[in-house]
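J.: Now for the letters of each chain:
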Amino acid sequence: MTKITYIEHNGKEHTIDVQNGLTVMEGAVQNDIPGIDADCGGSMACATCHVYVKDEWYDKLDEKSEGEDDMIDQAYEPKKNSRLSCQITVSDKIEGLIVHLPEKQV
Amino acid sequence: MIKTDALIIGAGPTGLFTAHQLKIIGLDCQIVDNLDKIGGQCIELYPDKPIYDIPAIPECTGEELTQNLIKQLEPFKIKFHLKERVDEIKKDNNNWEVKTSNGTKFNTPNIIIAGGVGSFEPRKFPLKECEKFENKSIFYSVKNKKIFDDKTVTIFGGGDSALDWAIELSKNSKVNLVHRRDEFRGANATVDKVHELAKLGKINLLTKYQLSGAKGSSILESIEITHENKEVKTFKTDYVLGFFGLIMQLGPIANWGLNLNKKTIEVDTEKFETNQKGIYAVGDICTYPGKLKLILSGFHEGALAARACFKLAKPNEKYRFEFTTSSKTIKDRLGVKSD
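In order, the protein sequences belong to chains H and W. Under the working numbering, the first residue of the first sequence carries the number -15, and numbering increases by one thereafter. Under the working numbering, the first residue of the second sequence carries the number 465, and numbering increases by one thereafter.
No lab work stands behind these hints, which were simulated from the structure alone. Here the structure is a predicted model, which means the values were calculated and not measured. Quick reminder that beta carbons are idealized off the backbone N, C-alpha and C, glycines included. Check each hint, because a few of them may be wrong.
[To be verified] Simulated coverage check for chain W against chain H, where a stretch passes if three residues somewhere in it have a Cβ under 8 Å from a Cβ of chain H:
{"id": "1", "stretch": "502 to 510"}
{"id": "2", "stretch": "620 to 630"}
{"id": "3", "stretch": "640 to 653"}
Just chain H, with the same shape it has in the complex (with noise of 0.2 Å):
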């Protein structure tokens, strides 16, 4: 288990236990985490599981998937520490990570 911080657009803090080898986006959709919609179930076809890291933590994450640059281009309002929540798996090296969620998702 990894605890990861997932806020909301409107300052909620959800700070969730997940299960190792999930997903950041399958730990939100597993415990109702409203603001990840995740339309195509984690195949990087969408862009609606779309978070911002928090800067300390954008550098410490594996490199982007390829082809996730492509899909984030296509998220609600992305920035700089854009991620898809899909592409990063929980694991002990992100222990603490926190996310924030954008204003919407479509």
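Following the hints, complete the assembly by docking chain W onto the known chain H.
T.: This is chain W only, laid out in the frame that chain H set:
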């Protein structure tokens, strides 16, 4: 008014195979889809991505799967209504009256919603002030390119649509191409062409910028864009085109009085019927205990919903189960020779 035994909403794999199942049992049907092509998510989101879990097909792409489903439907000459979205439904005695965004009307006892995650719509600029210029100065698709002749057009986006239009419009317009990063995701030849035109001064390339403001009273006068490093540019433009791909929205379906669970429709697992008699939901858009969002589940759901349609379409006949291997009636419908 088009009369049909069943109307299918959605031309993705589930909608296509559901049509096959309806025709096999002797019902007619028509298909409506908001996209301009057949195939749904398979063709729009992952035409080139391999799929490994279609029974008896070890590997195929979204496009190949679609082509094979279309081929399987060939004997039936199904009527497709593409680029139309079903907007309204209302009860008409025992039937449903359906109206699309183009004004096409259907009268049918059965509506099968095979809508995936909803209808595909263009993603728009997040800025509120863009709304008042929409379809006047700001567009998300091009209907008549002539209006851009001799004007300044600012195109946002980094995919093929943005690049293709930048190249095309640079012939007769002053074109700015704005993208949020340096890399473009279009075909290599297209990206090269854009860079070549930028060098020749035919396209003004502005990368790492995003739209941050739009000014004007009724028509757009100028826009503001902001660089990743916060630097701001303001300039005049007559038109803005945004190409950020498509998003999926449940759309009007949400207003039809169906029991929804998040963005999916609750159905039973016998007929895949919703809480409204004669309206079924199959594929990714339906939910029930144990639901799997797999294409193969959609095929099963469509086969059962098709049988349920029979009762309402032909109330005085009895549905009789038959195998395609042995039924002469089915072989006649398929146009193949019986032994």
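J.: Each of the hints needs a verdict: does it hold here or not?
T.: Hints versus structure:
no., hint, result
1, 502 to 510, "holds (count 3)"
2, 620 to 630, "holds (count 3)"
3, 640 to 653, "holds (count 5)"
The structure is consistent with each of the numbered hints, conforming to all of them.
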